[in-house]
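Take the two lone chains and join them into the complex the hints point to.
So the protein sequences, as listed, match chains A and Z.
With this note's numbering applied, the first sequence covers 1 to 665.
With this note's numbering applied, the second sequence covers 1 to 156.
If you're looking for bench data, these hints aren't it; they were derived computationally from the structure.
Any given hint could be a false lead.
Stretch by stretch, here's where chain A covers chain Z in the computed footprint (C-beta under 8 Å, at least three residues) [what the hints assert, rightly or not]:
(1) 30 to 42
(2) 54 to 63
(3) 88 to 97
Here are the simulated SDA-like pairs of lysine to any residue, each with C-alpha atoms no more than 20 Å apart in a straight line [what the hints assert, rightly or not]:
(4) A/Lys-588 x Z/Glu-45
(5) A/Lys-545 x Z/Pro-41
(6) A/Lys-547 x Z/Pro-24
Every residue, glycine too, gets a C-beta built ideally from N, C-alpha and C.
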Amino acid sequence: MDTNQYLEIFIDESNEHLQSINDQLLELEKNPNDLAIVGEIFRSAHTLKGMSATMGYQDLSNLTHKMENVLDGVRNDQIQVDSDMLDIVFDSVDDLEAMVLDISKGGNGARDVSRVVDLLQAVELGHVLKDREEQEDHSGNSDDIQLDEFTRAVLEQSAEQGLNNFQVEVYLNEDCLLKAARVYMVFDVLEQIGEVVKSQPSAETLENEEFDHSFKVLFVTEEDEEEIAGRINKISEIKQVKVSTYSIDKDESHSEPEIEQKQNINEDEKQEIADKGYKGKQTANKTIRVNIDRLDVLMNLFEELVIDRGRLEQIAAEINHLELNDTVERMTRVSGDLQNIILNMRMVPIEQVFNRFPRMVRQLSKDLNKNIDLRIIGEETELDRTVIDEIGDPLVHLIRNAIDHGIERPEERLARGKEAKGNIELRAYHNGNHVFIEIVDDGAGIDREKVLGKALSNQVVTREQAEKLTDKEVYELIMASGFSTADIISDVSGRGVGLDVVKNTIESLGGNIAIDSELGKGSMFSIQLPLTLSIISVMLVEIQKEKYAIPLSSIIETAIVKKEEILRAHNKEVIDFRGKLVPLVFLKDIFNVPLELEDRDYYSLVIARKGDKMAGFVVDSFIGQQEVVLKSLGGYLSGVFAISGATILGDGQVALILDSNALIK
Amino acid sequence: MTQEPDKTIKVIVFQLENEEYAIPVHQVGSIERIMPITRVPGTAEFVEGVINLRGVVTPILDLRKRFSQKNYEMEESTRIIITIIDEMDVGLIVDSANDVLDIEEESIEPPPQVIGAVEDEYVSGVAKLDKRLLILLNLSRVLSSSEVRELYDMEG
Numbered sequence: 001m002d003t004n005q006y007l008e009i010f011i012d013e014s015n016e017h018l019q020s021i022n023d024q025l026l027e028l029e030k031n032p033n034d035l036a037i038v039g040e041i042f043r044s045a046h047t048l049k050g051m052s053a054t055m056g057y058q059d060l061s062n063l064t065h066k067m068e069n070v071l072d073g074v075r076n077d078q079i080q081v082d083s084d085m086l087d088i089v090f091d092s093v094d095d096l097e098a099m100v101l102d103i104s105k106g107g108n109g110a111r112d113v114s115r116v117v118d119l120l121q122a123v124e125l126g127h128v129l130k131d132r133e134e135q136e137d138h139s140g141n142s143d144d145i146q147l148d149e150f151t152r153a154v155l156e157q158s159a160e161q162g163l164n165n166f167q168v169e170v171y172l173n174e175d176c177l178l179k180a181a182r183v184y185m186v187f188d189v190l191e192q193i194g195e196v197v198k199s200q201p202s203a204e205t206l207e208n209e210e211f212d213h214s215f216k217v218l219f220v221t222e223e224d225e226e227e228i229a230g231r232i233n234k235i236s237e238i239k240q241v242k243v244s245t246y247s248i249d250k251d252e253s254h255s256e257p258e259i260e261q262k263q264n265i266n267e268d269e270k271q272e273i274a275d276k277g278y279k280g281k282q283t284a285n286k287t288i289r290v291n292i293d294r295l296d297v298l299m300n301l302f303e304e305l306v307i308d309r310g311r312l313e314q315i316a317a318e319i320n321h322l323e324l325n326d327t328v329e330r331m332t333r334v335s336g337d338l339q340n341i342i343l344n345m346r347m348v349p350i351e352q353v354f355n356r357f358p359r360m361v362r363q364l365s366k367d368l369n370k371n372i373d374l375r376i377i378g379e380e381t382e383l384d385r386t387v388i389d390e391i392g393d394p395l396v397h398l399i400r401n402a403i404d405h406g407i408e409r410p411e412e413r414l415a416r417g418k419e420a421k422g423n424i425e426l427r428a429y430h431n432g433n434h435v436f437i438e439i440v441d442d443g444a445g446i447d448r449e450k451v452l453g454k455a456l457s458n459q460v461v462t463r464e465q466a467e468k469l470t471d472k473e474v475y476e477l478i479m480a481s482g483f484s485t486a487d488i489i490s491d492v493s494g495r496g497v498g499l500d501v502v503k504n505t506i507e508s509l510g511g512n513i514a515i516d517s518e519l520g521k522g523s524m525f526s527i528q529l530p531l532t533l534s535i536i537s538v539m540l541v542e543i544q545k546e547k548y549a550i551p552l553s554s555i556i557e558t559a560i561v562k563k564e565e566i567l568r569a570h571n572k573e574v575i576d577f578r579g580k581l582v583p584l585v586f587l588k589d590i591f592n593v594p595l596e597l598e599d600r601d602y603y604s605l606v607i608a609r610k611g612d613k614m615a616g617f618v619v620d621s622f623i624g625q626q627e628v629v630l631k632s633l634g635g636y637l638s639g640v641f642a643i644s645g646a647t648i649l650g651d652g653q654v655a656l657i658l659d660s661n662a663l664i665k
Numbered sequence: 001m002t003q004e005p006d007k008t009i010k011v012i013v014f015q016l017e018n019e020e021y022a023i024p025v026h027q028v029g030s031i032e033r034i035m036p037i038t039r040v041p042g043t044a045e046f047v048e049g050v051i052n053l054r055g056v057v058t059p060i061l062d063l064r065k066r067f068s069q070k071n072y073e074m075e076e077s078t079r080i081i082i083t084i085i086d087e088m089d090v091g092l093i094v095d096s097a098n099d100v101l102d103i104e105e106e107s108i109e110p111p112p113q114v115i116g117a118v119e120d121e122y123v124s125g126v127a128k129l130d131k132r133l134l135i136l137l138n139l140s141r142v143l144s145s146s147e148v149r150e151l152y153d154m155e156g
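The following block holds chain Z by itself, in its conformation from the complex (with noise of 0.2 Å):
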């Protein structure tokens, strides 16, 4: 590489709906092919289950659910993005898990007010290149399990 390596991050780029997200490498831990989920009761709705990832429970989010309480459609290109925060591995579900990029820092531009169907509060950046728009995901802030536990707290 010629490039500085602190002005660009290695992003791993998805498909939601119409929309293209990245999400840094070093935060994803494997792609896989839609598997059998188990259904968790009494977790929040996003929440889809969890999976035998090589032996490991790995609880499931649907992030379409997440983002526009639209359920995720099964096709050939569905991919589980398994994804590492704060130690914990969460496999995210999206349509299709389709690039690898480089993006520079400087193309990086923090989220405009509207931006699709995501709300401001789970993406870091926008990304231009090119043509393309990329959404940059802040994954704690997807991930964030605060939902999650206000509803055990419901059923408790």
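Chain A with its partners taken away, still in its complex shape (with noise of 0.2 Å):
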């Protein structure tokens, strides 16, 4: 079969699958008696394997089937949840993980999975011998249906009501064919007349014919015998139909209470796994994936149909024609609307990037042998596609660096009089055109004086400066290249390589950090990113007869001073802007514009800074504020000297985006 068209979807999918089994995992960690959570990772595991055996991938479908059998299990009550059996799970995940990971990359998902199939293996087979001994102990009711105590009360109430209880033996004729197919006529046929109290085997082992030719319904029903065998004979392929009154003492008499308990968790987390399917299915939305490229297709455009709105604007106020000028007032508000709709949905839950921490924190704070609770706040918070993939790696190094750096022993916490657990808050939010991401743990917190110490004896900062520095100041230190607090340095984090570049990535993608902190009682990273990345707020300035887009994110003010107020030092133009010296970068050199003004007595400048440090850029006049839609210079000219992209203005010019950090030295 040529499966190469469904191999996106089948990646897609499985990654879904694997996320989903990963976080049920942890859930089930949390509780491990609920069973209904094992049913769904059950259910995930399932699907998986089905899908990969349909494309061809043996190894994956091998070893989801021996973690579907320990999950089993597990749902049968046969083994024990705990964390041994869950990390042998989790390494099982880790491989299947790695598997559908080298397909995505072009691979057959071929690996060596050797060891933890055996252990897997080891896991179920504790639990089939404790099968065996229960089989034995219990062969001698194996026959009759098992009650618990749900179907125990409906049927005492049925015989209270006066409705007959029956259990209906069906025996199928040994050369049918779809036996899942009679089996539902069967069930059809006795839900018009009554109800399917319990099926034996279940109704799930029914629907995937994993039964010889016959199965038992205890069934509850105001007909009687014949009219139930009736019935049930009219369906063909039927061999034979029996009918008996169903007595619950009967059932009583020989019946397991153990057994009861296992039937009665079975039937239940069936029932919820039915159910969740159910809602599942209903709640789901209907979605297809589109390339991110077509989107911005669609994007490219629409803006051109903004430019020409502006122009048919344009010529309707010249005209001033009232229906044109209704017309394009309409066709103004629907582009609107439009380009809010084509804006959305570029934008994605960050859920995608919050999912994999659970499973990250777990494995870390089992490495480190710390008690960590992990709460995540906001996952539904939405961000551009474009940074949602840039914003993984800096959240992993700074949970890594709570959890490590932050977070104490609980042996050092219950000496400072807290929980043994510590806690990390993971959290988004909206906020203006910004999304807000913070992390904040209730650790050692950081020390001023250990980070101090950390600086000076790294050259980062100079004694006297250090004295100077605000307490937020020295946190900010941590964020410096070259700087590591950790004392020991560690696997996890203490490279002395990571914040800075944390810092870098956040900076790039137009956002910035900050960190607070108490000492003793715990950090706070806040991570401020822009909405999205294709529109940025720009300050347009003309250079001699050229347009430039200044970043309105890196713009302090605008002034406009006499030529008499510049003053020089060390050879440098500069001025005394509030008390503070700010050196002049003359844009028409830089940028090498063709002079075509004359000199002015004054200079028009835009304050910009970097971190601390300050420029005022020197233009021949301002435009105005305006937001644009960012776009690349293209590969071509990529890289450009102190230039970051380029825009689309109204008149369909483009106008170049400056890059004011690589400008401010």
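Quick look at the structure:
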């Protein structure tokens, strides 16, 4: 079968299922007795197995199968959920992830998984042994349908109401081909005249045709035995129907409580799976996957439309025709809505990034012998796809950092009068045109003196500087390059590179990061990011006759100064700006702009900053503030000095966007 | 078409100074009239700037400057040929774009030592067509951005 066209879908869906397995396993670890969760995991694993078998990835399918066996054991209460067992399952999920990754890179998903398979088998075998014992124990009553309390209650109630409880045994013809279909028809007939309380084997097993040729159901109805038998016999390929009255007492006499319990859980859980499955289907939005490039094309075309709309508006204003004006106005409104929709299409919930952290925190806290609880808030917060792709690694770094340096060991925590369990909170929320992501821990906090000591010894700051720094400024030092405060360099973090990379990445996304901390109480890393990378606010300026855009995020203010106010220091022209000396940058020289205007006796300045440093860009006039769509200059011209991109102005012309960071030294 | 497809290539023919040049049609995205070009500072001399090509910012090279160090002259016939090389769109300013032709591969000869003003490395062959002489351009060479890059390094 040519499966290539499905490959992408397969990979996407596999990743979704693996993620869901991961999430649910973590849930399970918190609630080891909640078999509904096991059901969820089982369902995902089962789907994954089916998909990979169809696509011909045998190793993937085999491993999933082994995992499924273990889960089935858990579901049937034959395997205990404990940390060891979960570790093994997590390991196998890791292997599965690696295989899917391999497939997505064009590999064949083959991988040596013998170790994990052995481990899984060992877990499973433990259950098989137990299973056998149980079977021996209860061999006496395996024929009859076992009741759980709920079923019993239903049966009792119906008996009180004068309804009949029957045990219906149905034998199918041995040559029956579509057993599941016949079963379905039998159930259908029965449901018309009463209620099926229970079946043996279970409905799921029946559906999968995993039974010989007969099955039993417990059935509550107003009708009598003959009626039931008659109706069922109308279905073809039915060999025999036995209907007998079912009494609860009979069951009680030789039913083992233990097995009852087991069935009970089994049934409840199945019910829940069914419910969940149903709900899932109901609420799941219908989605399609669209290549982001296509969205870009759509956006480009739309912008062209906006430009034409601008022209149209102009023409309409000139002609001043009533109907034309109306139409243009309506078009403006519609295209505004359209723009919102197109922009929203690029937004994805940050969940995609967040959902890998619970797993990571679990593993790390295990490795480091720490007890950590991760709380995630606001995972539904939406961000531009391009930001999402970039933000993952910095967050991983910060969380590792919080686990490694932030949260103390349980004994230290107890000694300090805190709970042994550390807390990390990861939250995301919208505020204006920005998204905030905060990582809060209740760990040791940042030690000002320690940081300063390190900074001094690493020559990041001088002693005089150190004394003047505010707490916040000290904390920011840990993000300076060549800085690591961990006493012991661990595997997890503290390799000296790291936080500075985090800071750079975030700044390159047009965001910034702030640190707040209280010694002994914990720290907070707060990241501010633009909602989207494709639209930025800029100040449009003219340099001679050329138009340039300066990102508003780096501008402090604009000013107009007289030539006489310019001072000279170290052969550089500077101005005294609110008590600070700010060097001037003559953009027309840097950009070699053809001179067309006469010199004036005052300068228009855009005061911009990069961190603590400031510079005054000399321009010729300010045009105004505007939201523009950021575009790249394309591969051919990438890396042009001090130009970070381009944008298309209302008149259809291209204006270049200044990279003010490159101009401030 | 009666001819074997692999025996002929379809080319766009354009004029530059007094020579006729040809580019394979599959390397051409579109042909545009001249439009406002935004200068990009700090790039090689022959990089004229960028234009807004239906919402995509596209770099434009002045072929005359590339070949003969002379500026292009704006005329009614001046065109921008948008070419696609290595998945990059780059526009070339030419004096005029006048023809689409099928050239038989047999009529293409390797470049002679001296061909007009164009340096040999940009030429992949010469096609004789009746009395016309078409210079086939090696576009990847023409567009080679190594020179552009060197310039950034100097700036940086």
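To see whether the hints hold, each was checked on the structure:
1. 30 to 42: holds (count 6)
2. 54 to 63: holds (count 6)
3. 88 to 97: Coverage by chain A holds here, the residue count being 3 at a Cβ distance below 8 Å.
4. A/Lys-588 x Z/Glu-45: holds, 17 Å
5. A/Lys-545 x Z/Pro-41: It holds: about 14 Å lies between the C-alpha atoms, which stays within 20 Å.
6. A/Lys-547 x Z/Pro-24: Given that 20 Å is the threshold and the Cα spacing comes to 36 Å, the pair is violated.
In summary, the one numbered hint that this structure violates is 6.
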